[in-house]
Amino acid sequence: MATVTYRGVSRIYPKATTKAVNELSLEIRDAELIVLVGPSGCGKTTSLRMLAGLEPVDEGDILVGGQSVLRLAPRQRDIAMVLQNYALYPHMNVADNLGFALQIAKLKKAEIKARVAEVAKILDLEDYLDRKPSQLSGGQRQRVAMGRAIVRQPRVFLMDEPLSNLDAKLRVATRSEIAALQRRLAVTTVYVTHDQVEAMTMGDRVAVLKDGVLQQVDVPGMLYESPVNAFVAGFIGSPAMNLIEGTIGSGGVTIGSTVLPVPRPLMKAVGPGRVTVGLRPEAVGLAGDGAGIPAVVSLVEELGAEAYIYAQLEHTVRGTMLGAVPDFVVRVDPKSAPRVGSRIELHVKGESMLLFDVESGVRITA
Amino acid sequence: MRPRGSGYLFVAPYVVLLIAVGIYPVGYAINLALTTFTAHFAGLKNFVNVFHNPEFLPALENVAAFLAIWLTALIVLVVGLSLMLHSMDKRISAAFRFVLYLPAALAGSASVMLWLFMLQPGKSPWSFVLRWFGYHSLGDSLAPAHLPVVFALIAFWSGAGSWIVVMYGALATIPEEVLESARLDGAGAWRTAIRVKLPLIKKWIAYMVIGAFAAGSQLFVEPELISEATGSVVNQTWAPNQLAIYLSFRLDNFNYAAAISIDLLVAALIIAAVILLRTGLFETGH
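These protein sequences, in sequence, are chains A and B.
Under the working numbering, think of the first position of the first sequence as 1, with each following residue one higher.
Under the working numbering, think of the first position of the second sequence as 1, with each following residue one higher.
Keep in mind the hints are simulated off the structure, nothing from the lab.
Predicted, not measured: the structure shown is a model, and the values here were computed from it.
C-beta atoms are modelled at their ideal positions from N, C-alpha and C, and glycine is treated no differently.
Careful, some of the hints might be misleading.
[As the list claims (entries may be wrong)] Ranges between beta-carbon positions, derived for each pair: (1) B:Gly-80 / A:Pro-56: 45 to 51 Å; (2) B:Ala-95 / A:Leu-185: 44 to 50 Å; (3) B:Val-21 / A:Pro-39: 38 to 44 Å; (4) B:Asp-89 / A:Val-358: 47 to 53 Å; (5) B:Pro-175 / A:Ile-12: 22 to 28 Å; (6) B:Asp-89 / A:Ala-186: 37 to 43 Å; (7) B:Phe-282 / A:Gly-41: 22 to 28 Å.
[Stated by the list, open to error] Pulled from the structure, derived: some chain B residues nowhere near chain A, Cβ distances all over 10 Å: (8) Ala-64; (9) Val-233; (10) Ile-270.
[To be verified] 27 Å max Cα-Cα, derived BS3-like pairs, lysine-lysine: (11) A:Lys-109 / A:Lys-132; (12) B:Lys-90 / A:Lys-15; (13) B:Lys-90 / A:Lys-132.
Could you build all of it, start to finish, from the sequences and the hints given here?
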């Protein structure tokens, strides 16, 4: 087993003007499952490929078990990788796919057979050992790809969006299987995904990247509760945090014509002027006293145990929403969900409010 | 227009050409092969007579020797070179492929003339090599025992470049992720070529063998031109196709010539069928 260290690692692709990965520094603990998450083009896959040795490193160093691996070929790094589309050898059956790396390593046939059988048992692939990849379902192929990594007993597992080709139901089932398997095997694992739900549910820690720059790395709960900037706040959480521009005044923060109270310690830390207000869907409720933010319901998503209202703010404040969705999202009890088109007032639970600098996006803390 | 209808429209020009210059002439040849010159049914008599022609079996042996050398060289060298080029830097590989393809741009007759010059001791830039082998005249270079090798050389030189382009295209269809997996699994360039790339281009190799066998069994231009250019050094019935031409246009026996053509066609079809069955060339997916 091993630790993994990215030490100021950068990668700039030929003819590119910006760095795909920009001075990434990250310590990954032994046996930890860390998830790299971010939107397309944020540098998460490049970071993974540099660790695997499939991509050159332009600046910085990568250490596995305290030793630099930059001069080592992929095969010498003792790292196994599960790729997005599995990349199984189409001409080999499942048993040969699982045992290929061991054959290359010139292990004895009996040992290869035993290790393949053991992994097939763990992953419930015993009945499919003679089949070619084309004769397997998506989920079975995914398990073979996992098995191919496990059978090598490497120091580090790398997984590049291994669930992205599965349907939603299988994805949910498989992500918990992978997390459980990783804990059982206790192998340091770097997992890449663009799906923040996957990241939050699987990772011991989650590293959020944007434009090649590491934004924040923390346990899932802290990322949700205490994002360091508006990007992380908006990216982590489903539905996303409501981000809306407001103006700090003596009474609190003014959004349109509505003044919302700001917790006293936070009020002391922020000066007068424009700020970005962050409100989770559960930090907003429905009010009926005329003191809330007026809005019109444009969509209601009923999920059984809860419902989400997507509401357009009234004309006086519309146009200042900063998130990806122009609607304000509110979590409500499905029994009291208003109808589409009805006028509502939004009540903000002030203690849950986050403030961010309008220019830099950095969170303002007390 | 429905997809099925448009599909027929796309293949229609090919089907017309196939019937006009493929199926109909084959039918005509079968008819000729099974009849006498007076247009009476002859059964397999023409085939038996051709078989007993003293020049038929030697011609068949000549082409068999040529095919054995040429097909072996084609499979080993074309596949080997393609695998090597596929492992190289892309720009260097492209330059090599261009250079290797250049001879294919020459007409077949031009290639033969070039090789006649190359094999002529005293005129060839490689005269010292020819003399080192003990060849002092064109007759030495083109001794009967050398001819299968000489024709294989000419055919390989003028045809290998095209097949390398085809084989490289086949290698380019292998997903990059599969090759990266092989790297991560510890396979170096050699093992990746043998264990991963080669099995994945098996169908293209089969296609090359079928095409090359069909073309090689029809060998005509090289022996005919060398025969014309050298007088008596190479005889005019060295290959079965030459014999067919000789029988039809010199002896006016088109029925025997048709029987030879059908023999060659059947041989090519048998080889193609065996390869198709062994390699699953027409199977879809993996």
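Hints and how they fare:
Taken as a hint, the range 45 to 51 Å is violated for the pair Gly-80 of chain B and Pro-56 of chain A, whose Cβ atoms sit roughly 29 Å apart. About 47 Å separates the C-beta atoms of Ala-95 of chain B and Leu-185 of chain A, a value consistent with the hinted range of 44 to 50 Å. At roughly 58 Å, the beta-carbon separation of Val-21 of chain B and Pro-39 of chain A lies outside the given 38 to 44 Å, and the hint is violated. Under the hint 47 to 53 Å, the C-beta atoms of Asp-89 of chain B and Val-358 of chain A, about 49 Å apart, fit the expected range.
Separation of Pro-175 of chain B from Ile-12 of chain A is about 26 Å and conforms to the stated range, judged on CB atoms against 22 to 28 Å. In this structure the supplied range 37 to 43 Å holds for Asp-89 of chain B paired with Ala-186 of chain A, their Cβ-Cβ distance being about 41 Å. For the pair Phe-282 of chain B and Gly-41 of chain A, the supplied restraint of 22 to 28 Å is violated, since their beta-carbon distance comes to about 41 Å. At roughly 32 Å from the closest C-beta of chain A, the C-beta of Ala-64 of chain B stays outside 10 Å, upholding its exclusion from the interface.
Remark: the non-interface label on Val-233 of chain B is consistent with the geometry, its nearest Cβ contact in chain A lying 48 Å away (cut-off 10 Å). Residue placement check: Ile-270 of chain B keeps its beta carbon more than 10 Å from all beta carbons of chain A (closest about 27 Å). Using a Cα cut-off of 27 Å, the hinted pair Lys-109 of chain A and Lys-132 of chain A holds, with the two alpha carbons roughly 21 Å apart. For the given pair, Lys-90 of chain B sits about 17 Å from Lys-15 of chain A by alpha-carbon distance, which is consistent with the 27 Å threshold.
Taking the CA atoms of Lys-90 of chain B and Lys-132 of chain A, the gap is about 31 Å. The hint is violated against a cut of 27 Å.
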